[in-house]
Each structure stands twice: as C-alpha cells, then as structure tokens.
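There are 2 protein chains.
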Amino acid sequence: MDLNERTKKVLQAVIDSYIQTGSPIGSTVLAKSYDFSLSSATLRNIMAELEELGFLMHPHTSAGRVPTEKGYRYYIDSLISFDREAQGITEQLDQASPLQGGDLHHLMEEASQFLAKLSRHTGVVVAPAEPEGTFKHIEFVRLRGNQVLIIFVTNTGTVLNKLVDLDEQITQHELASFSGYLDEELERHTLAEVRQRLLEKLREEKASFMRLLEQTYRASQEVQERDSDKLFIGGASQMFETPEFADVEKMRSLFRAFDDKYKLLKLLDKTSKAEGIKVFIGSENPFFEIQGCSLVVGNYQAGNVVGTLGVIGPVRMQYKQVIQVVDYTSRLLSRILDERLQRGIER
Amino acid sequence: MDLNERTKKVLQAVIDSYIQTGSPIGSTVLAKSYDFSLSSATLRNIMAELEELGFLMHPHTSAGRVPTEKGYRYYIDSLISFDREAQGITEQLDQASPLQGGDLHHLMEEASQFLAKLSRHTGVVVAPAEPEGTFKHIEFVRLRGNQVLIIFVTNTGTVLNKLVDLDEQITQHELASFSGYLDEELERHTLAEVRQRLLEKLREEKASFMRLLEQTYRASQEVQERDSDKLFIGGASQMFETPEFADVEKMRSLFRAFDDKYKLLKLLDKTSKAEGIKVFIGSENPFFEIQGCSLVVGNYQAGNVVGTLGVIGPVRMQYKQVIQVVDYTSRLLSRILDERLQRGIER
DNA sequence: CTTAGCACTCAGTGCCCAAGAGTGCTAATA
DNA sequence: TATTAGCACTCTTGGGCACTGAGTGCTAAG
Numbered sequence: 001m002d003l004n005e006r007t008k009k010v011l012q013a014v015i016d017s018y019i020q021t022g023s024p025i026g027s028t029v030l031a032k033s034y035d036f037s038l039s040s041a042t043l044r045n046i047m048a049e050l051e052e053l054g055f056l057m058h059p060h061t062s063a064g065r066v067p068t069e070k071g072y073r074y075y076i077d078s079l080i081s082f083d084r085e086a087q088g089i090t091e092q093l094d095q096a097s098p099l100q101g102g103d104l105h106h107l108m109e110e111a112s113q114f115l116a117k118l119s120r121h122t123g124v125v126v127a128p129a130e131p132e133g134t135f136k137h138i139e140f141v142r143l144r145g146n147q148v149l150i151i152f153v154t155n156t157g158t159v160l161n162k163l164v165d166l167d168e169q170i171t172q173h174e175l176a177s178f179s180g181y182l183d184e185e186l187e188r189h190t191l192a193e194v195r196q197r198l199l200e201k202l203r204e205e206k207a208s209f210m211r212l213l214e215q216t217y218r219a220s221q222e223v224q225e226r227d228s229d230k231l232f233i234g235g236a237s238q239m240f241e242t243p244e245f246a247d248v249e250k251m252r253s254l255f256r257a258f259d260d261k262y263k264l265l266k267l268l269d270k271t272s273k274a275e276g277i278k279v280f281i282g283s284e285n286p287f288f289e290i291q292g293c294s295l296v297v298g299n300y301q302a303g304n305v306v307g308t309l310g311v312i313g314p315v316r317m318q319y320k321q322v323i324q325v326v327d328y329t330s331r332l333l334s335r336i337l338d339e340r341l342q343r344g345i346e347r
Numbered sequence: 001m002d003l004n005e006r007t008k009k010v011l012q013a014v015i016d017s018y019i020q021t022g023s024p025i026g027s028t029v030l031a032k033s034y035d036f037s038l039s040s041a042t043l044r045n046i047m048a049e050l051e052e053l054g055f056l057m058h059p060h061t062s063a064g065r066v067p068t069e070k071g072y073r074y075y076i077d078s079l080i081s082f083d084r085e086a087q088g089i090t091e092q093l094d095q096a097s098p099l100q101g102g103d104l105h106h107l108m109e110e111a112s113q114f115l116a117k118l119s120r121h122t123g124v125v126v127a128p129a130e131p132e133g134t135f136k137h138i139e140f141v142r143l144r145g146n147q148v149l150i151i152f153v154t155n156t157g158t159v160l161n162k163l164v165d166l167d168e169q170i171t172q173h174e175l176a177s178f179s180g181y182l183d184e185e186l187e188r189h190t191l192a193e194v195r196q197r198l199l200e201k202l203r204e205e206k207a208s209f210m211r212l213l214e215q216t217y218r219a220s221q222e223v224q225e226r227d228s229d230k231l232f233i234g235g236a237s238q239m240f241e242t243p244e245f246a247d248v249e250k251m252r253s254l255f256r257a258f259d260d261k262y263k264l265l266k267l268l269d270k271t272s273k274a275e276g277i278k279v280f281i282g283s284e285n286p287f288f289e290i291q292g293c294s295l296v297v298g299n300y301q302a303g304n305v306v307g308t309l310g311v312i313g314p315v316r317m318q319y320k321q322v323i324q325v326v327d328y329t330s331r332l333l334s335r336i337l338d339e340r341l342q343r344g345i346e347r
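Residue numbers (my numbering), protein chains in the order written: chain A, 1 to 347; chain B, 1 to 347.
Please keep in mind that the hints were generated in silico from the structure rather than gathered at the bench. It cannot be assumed that every hint is accurate.
Unchecked claim - Covered by chain B, according to a simulated footprint, are these stretches of chain A (three or more residues, beta-carbon under 8 angstroms):
(1) 125-139
(2) 146-159
(3) 231-238
(4) 255-264
(5) 329-335
Said to hold, decoys possible - 27 angstroms max Cα-Cα, derived DSS-like pairs, lysine-lysine:
(6) B:K263 to A:K230
(7) A:K117 to B:K263
(8) B:K261 to A:K250
(9) A:K261 to B:K201
Claimed, not checked - So these bits of chain B aren't anywhere near chain A, every CB distance computed over 10 angstroms:
(10) K9
(11) P24
(12) A63
(13) L213
Each residue gets a CB set at the ideal place from its N, CA and C atoms; glycine is no exception.
Make a model of the complete structure from these sequences and hints.
So, in structure tokens, the structure goes:
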C-alpha cells in the first residue's frame, strides 16, 4: 500500500488519538491537536481518501473517523516504530523486577500476572508442551501390594509422577534395580527421547519387567499430557477497565472463553510455531468467541522447549506498549528458564 | 420470630416467586398465582406487616415487595425443607456422574466445575491445608554437585518436592542410606507429624547429615505451604447469567475479587471450622468486596484432613437447590478422598 | 377480620425538540 | 492544481413532557 508521507501521518494521528481517547476523531479536533499546518477541510479530504482505501470508517454520517481493522493492521505493520523508546521502556520494565520463580507453575502464574499488570489487559501464559531439561532419575515407590507410583525427575528439578496398578508382584528391591537400570539407559535424554527409547525397549525386550516397562511407558506419555499445556490467565478483571466492554454481553462471551481454557489453548498453540511477536487484530483472531479482541502473542523458549505467552485486550489497545511488554516478558522468561537449564546441564 | 402460619406462607410465596422471576411481587400477582383464598387487599395488609418486621421491602412506592436479607435468612432457617425432595435431587446428581479424579489438583478443578455446572453459579474449592495420607517415602536426587531435589511421597500417591542447595558434598550413596533411615523413622506418620519429628531429630542429633536434615525439615515446611490452600474457581462466567449483575461495576468488583485469590482464600478458611453447610447472605458475607453476593459453603474431609468448597452467586439464588448441590458435592468429594485414603492404608 | 374501592405514587416508555459535532460539496483562492 | 472557506445537511445525544400501568395505603362497608 503506497500512501504518501502526509497521508500516513494523518492516519497515524487518527489512530494514535483514537487509541488514546476512544472517541471518533473529527477533522477540526485533528487540525487543532496536531501540527499539520493544514485546515480541517483538507484533513477532511484526506480522511475521506483514507476511508475510501478502507483504513478508516464512519460510525454514522455526523461522526468522526475510527480506524478499521485494516487501519490497525497498517498502523502496526508500517507506522509504529520501536527502536527509539525501546530502551527507556526496557529499563522501566526492569525496575518492575518481577518473577521470583521457584516452582515452574508458580513462575508461569507470576508471568501471567506480570503481563496483566504492565499491559493493563489480560495476560496468558501457556506452559511448555515439553518439560525443560533432560531425564535424570526414575523412582518407583510401592504403595500397596500392586500399586506403584512412578516418578520422573529431570535435571532441572521438575518432578512428574503417575500412580499405576500392576498385575504382578514386584518387590521394592526389584523395583530399585530396575530403576537403576533405566537411569543408566535414559540419562541425559529429553523426555521426548525417553518416551521413544522406552518404546524401543518395549519392542526388543522379552524380559520379566515387561509389564512394568509398559506401564512406565504409558506413564511417561500421560504424565506429559497432563502437565504440559497448562494455561495461566492473569488479571482477567482488567477487561472491565476498558469502556469497549461496557456491554455485558461482550464481557460474558469473553469470560466464557476464559472458562473454556481448552479452546484458548488450541488457539495459542497454533501461533506457537511462529517467531517473534505476532498481533491478531479483531476478527483476524481465529478464535471467534473472543472477536472484538486483539491478541498480542510471543514465544519463550529454553533449549528446544517452547511455550507461548501473550496479552488479550480490546482492539483499541496501546499496541506499541503492549508489544514491548510481551516482547520483554518473553525474553525474561526465556532467560530465567535458560538459567535453570544451564544449572542443570552444568554438572 | 413468631409468625403465624398464614404469614409464613405468604413470606415463602413472595420469596419463592422473587427467586424465580427476579422482579418485585405485587399483591395482585401473588393472589392470582398462589392459592391463598385471600384477596389482594388482605395480602397487602400481610405484606405491609412483613415489611414492618423487616422481612420485605419496597424499592419505591409503586413497586411490589422484595425480600430483605433478613427475609432470606428467615427463609433459609425456617421456611425451606429438604427432606421430601432430597432423594430425587440426589439421584439426579448421581446421574451427572462426574469427577474422574486422577491427580488431586485435577480432582479439585473438576469439583469446582461440577459445582458451577449444577448450581449455575460460580464454584470454588479450596484444596486441603494438609495433604492426605501418611508419609511413605523420601527420596533425594542429586542434580548438580550440591543441588539436591527432595521428594516426599505419601501412601496415597501424593508427591511433594523441593529443590535445595547443599553446602557439603554428599554422595548419592550416602543420600540413599539417609533416605532409608528416614523412611523407617517416619513411615505411617502424617506430614504434620513428620515435620514435628524432623524438628525433634534436628535437636537431638549431632550427626553428619545435620545440614541435610535441616534442609529436609525446611523443605517439608515449604512444600506444604506451597501446595496447600490452592483455590480452584469454576464457571466464573456463570455470573453473567444473572440479571442482578447486568451492572458492569458490580461485575468488575466481583472479578477483581476472583483475581485476588488470596483474600478469597482467607475468607473461606475462616468458615472451614464449622460443620455442615453454611449460608452467607449478602452483607453477612465478611468479604466486603463481593457484597451483593451470597455464599453457600461446606466442608469435605478425608481422615482428619479438611477442605472447603462452595458456591458464590447473587443474593437471589435458588438456595434450596444450591444447598443440596453443595451438600452433595462435599459428600462426594469426601467419599472419593476417603477411598484413596483407604487404598493407601489397606496394605 | 376481610374485602372492595379509590386516590395517589412512581418507574418506564415514547415522542419531540434543540444543541452540537461532523461531514460532503461547491466555489473561491493562492 | 491543491488548499481553504463556507454552508447545508445528517445524525447522535440529552432534556423535557405526557401518558401508562402496576402497585400501594387508606377508608369504609360487609
């Protein structure tokens, strides 16, 4: 789209102003508050042109202009620049000094709240699909006669566990030696590889621990499905702060979406392949139930493990700021996870 | 409060009707839809009397009557009866056949959603302050040189873990023998007792594992604080279904309260000592931020471990039904937990 | 004690009107 | 040729007003 410089400036001014105030922008207001050295009449012409092109629209005849989704798109793709102020913001964010961490879940929850607090919208974080780190230790604890608790430990201190019923009687001693055997076989592999190797073992081996091995394999699958892909939502009540959602109906469908975490997960998952920060504006958003919302998502990663995080807010949001916050948080989270990973690998 | 039979019936009819429809009840409507064999004028007198006593009120001169909190209180304490229909409901609830369980957290989350679904309001479940079951096994896994993961396992298959840094070098072999020692010392004690005993040991012993023992003690404390008292909220969006909350302001403060789980927890904790189902109506509710809401709470328990669960909804809620749902769910959860406990102890 | 009747109150609705903001178009201007 | 001033027109918003209907309180009769 080739707009001349002046037209771009007008578009930017309209969108900036609309994002700020939330009310449609008229030509006179625009002429006064921005220094275009142009009369309102000229601005009217330009705005009419922008409307023609689909960047702006008219709620009704005698109202000012409002950005369309296409307008926002162009604004984000071509009009806002980050570089200049980026450092300032980053420092400011550093000051906020968040994320104590501790346990992984706790960290994710904190992150979602951090996002919410800084963006003043709703923050979401999807836990990594794959636990960080590599296999370190497996432990079998016999509870009742044939009830065994299988515990996986990674080198970053993540603990996954699953309770299984065994047909056969196996002594604690046998369990211990089996665990020792597996420890050696599996150490330093990622959990995905562990699953794979267990499966291979299962195929080749005809040993006595066959049944236990099978249960272990199953556990390794389930444990992962259960613990991965958890969704953390922070500051959902922030949604109420935006006048856009004064409508109760809208709010309702929004919170319905939050309740139904599963769907939201799937949406966020789709985006997780892409690099960098992505912005979905209004209906671009593939999750129809939260249409009327924009979504700013990014990834975080540690090693080859990837998770998604982002902000959900009204279409009229301070994209510049929110994008920076999401970007910052994703880096921050990556760094924290990386440190944990390093500590684990170091030895 | 001594009301005569007729007056009671009128009060009940008014409240029933108001709960159903949500709009104030006038004398003529009352005379028509209920079979009192009384004229509207008489009903007017009775209603005036009930207003005098503080059970009903007038939004404005030309409006019908609405129950006051005192009215609801009386309604719940003296007017509704459960026995007759109780079985019917129970069966119906059994049909809903919920709560697959699995992991404890998952069970709690399911329970909160179950409450929400059946009550058509918001369900909350507080995880037990104390993990169920008794100590079964402790495991130390060395990750890096002096970084050790301490894992507690109970006989019901609950796994708690904490990562600690150790000053001294201890071999995996030494760790194993220490774990064996603790296993014997601590088996069959509740986690609270385990903490106590660790503390005692810490005082008397001057052994080489002193430092590790201390860390273990600390871990046993932290692990518990972290994992206990988690709050699960289900079906928060149901709140939007009630016309009472058409006001966005109200909704806002409500969801603020949900965001701030910690406060909600404290509130629910206070109630956890009491037996049976408790109902807090409107401002009786000690948690001012959700005033205008009623709270129906109950406890569940397994062994000596107690948790709280309940429903949050508008003051105008179907108390009878909700009370039954909460009651049913608390029994159900107790039973499920008890079974897990039994299986653990059985051996 | 109950009931019928009547005057009164008040929220809610629909309607009209004026004010205000903003546009689109045309004609004048640099 | 691009910009500007002027003007008629459109549409929202909010206040004011009257009307309606549900419901009450009171009084007097059954």
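Hint-by-hint comparison with the structure:
For the segment 125-139 of chain A, the assignment as covered by chain B holds, since 3 residues bring a beta-carbon within under 8 angstroms of that chain's beta-carbons and 3 suffice. Only residues whose beta carbon comes within less than 8 angstroms of a beta carbon in chain B count, and the segment 146-159 of chain A has 8; three or more means the coverage holds. With a threshold of 8 angstroms between beta carbons, the proposed coverage of the segment 231-238 of chain A by chain B holds, since 4 of its residues qualify and at least three are required. Coverage of the segment 255-264 of chain A by chain B holds in this model, with 4 residues showing a Cβ closer than 8 angstroms to a Cβ of that chain against a need of three.
Check result for the segment 329-335 of chain A against chain B: violated, 0 residues qualifying (beta carbon to beta carbon below 8 angstroms, three or more required). About 24 angstroms separates the Cα atoms of B:K263 and A:K230, which keeps this hinted pair within 27 angstroms; it holds. Between A:K117 and B:K263 the alpha-carbon distance is near 18 angstroms, which keeps this suggested pair within the 27 angstroms criterion. Taken as a hint, the B:K261 and A:K250 pair is honoured in the structure, with Cα atoms around 24 angstroms apart against an allowance of 27 angstroms.
A C-alpha spacing of about 46 angstroms is found between A:K261 and B:K201, which places the hinted pair above 27 angstroms, so the restraint is violated. For B:K9, the non-interface assignment is confirmed: its Cβ lies about 36 angstroms from the closest Cβ of chain A, beyond the 10 angstroms cut-off. No beta-carbon of chain A comes within 10 angstroms of the beta-carbon of B:P24; the shortest separation is about 22 angstroms. The beta carbon of B:A63 is kept farther than 10 angstroms from every beta carbon of chain A, the shortest such distance being approximately 23 angstroms.
Even its closest Cβ contact with chain A, about 20 angstroms, leaves B:L213 beyond 10 angstroms, as expected for a residue assigned away from the interface.
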